[in-house]
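Turn these sequences into a full structure, and let the hints steer you where they fit.
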Amino acid sequence: MREWKSRLGLKDWHAEMDFKPLDAMPNMATNTVTYERRHCRIELRWPHLDSTGKPDDIEQTIVHELLHCWFDPWYPRDPIRQRHRTLVLENAVEAIATALVEAKRSSVPK
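Per the numbering used here, the sequence shown runs over residues 4 to 113.
Among these hints, one or two may not hold up.
Unchecked claim - The following label-pair restraints were derived from C-beta to C-beta distances:
#: 1; residue 1: Tyr38; residue 2: Thr101; range: 32 to 42 Å
#: 2; residue 1: Pro82; residue 2: Pro112; range: 38 to 48 Å
#: 3; residue 1: His87; residue 2: Val111; range: 33 to 43 Å
#: 4; residue 1: Pro112; residue 2: Ile83; range: 24 to 34 Å
#: 5; residue 1: Pro24; residue 2: Met4; range: 32 to 42 Å
#: 6; residue 1: Arg84; residue 2: Thr35; range: 33 to 43 Å
To be verified - Lysine-lysine pairs mimicking DSS-like chemistry, simulated, CA-CA at most 27 Å apart:
#: 7; residue 1: Lys107; residue 2: Lys57
#: 8; residue 1: Lys107; residue 2: Lys14
#: 9; residue 1: Lys14; residue 2: Lys57
#: 10; residue 1: Lys8; residue 2: Lys107
#: 11; residue 1: Lys23; residue 2: Lys8
For the record, the hints were derived by calculation from the structure and aren't laboratory data. Note that beta-carbon positions come from the ideal geometry of N, C-alpha and C, so glycine has one too.
Dropping the structure here:
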């Protein structure tokens, strides 16, 4: 998380990460962002498995959740009523996270 906080320009943010049991979280991860205080709390489901039961990319998930720090002000306060706007933002965050992680991995010599 430290590496990605730096890469994403979040060095001055206080970020916490915690792992929760598989049965305690319906989603892969959550991030509670307090933008005004530059604070976030990321909770990750453990074991970190996708919907098919295979291990999921934890680095990708961490980048996705950290990106929420920048996008938080644009999320609607009532995400259920404005689900289309929420979906667009989630898709944008996921696309950016994927591109960043893939770029990092393709730049590392094998």
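Hint consistency between Lys14 and Lys57 [alpha-carbon to alpha-carbon, up to 27 Å]: 32 Å, violated
Cβ separation of Pro112 and Ile83, checked against the hinted range 24 to 34 Å: 46 Å, violated
Proposed proximity, Lys57 with Lys107 (alpha carbon, max 27 Å): Distance ~23 Å between Lys107 and Lys57 Cα, so the pair holds.
Pro82 and Pro112, beta-carbon distance inside 38 to 48 Å? This hint holds: roughly 42 Å between Cβ atoms.
I want to verify a distance hint. Is the separation of the beta carbons of Tyr38 and Thr101 within 32 to 42 Å? Once the Cβ atoms are compared, 24 Å apart, the range 32 to 42 Å for Thr101 and Tyr38 is violated.
Between Lys8 and Lys107, is the straight-line Cα distance small enough, at 27 Å or below? 14 Å, holds
Determine whether the Cβ-Cβ distance between Pro24 and Met4 falls within the hinted range of 32 to 42 Å. 20 Å, violated
Would you say the C-beta atoms of His87 and Val111 sit inside 33 to 43 Å of each other? 37 Å, holds
Kindly confirm whether 33 to 43 Å is satisfied by the beta carbon distance between Arg84 and Thr35. 20 Å, violated
Pair hint Lys107 and Lys14, alpha-carbon separation not exceeding 27 Å: Holds, at roughly 19 Å.
Holds or violated: Lys23 with Lys8, Cα cutoff 27 Å? The given pair, whose Cα atoms are some 21 Å apart, holds under the 27 Å limit.
In summary, the structure is inconsistent with hints 1, 4, 5, 6, 9 from the numbered list given earlier, while agreeing with the others.
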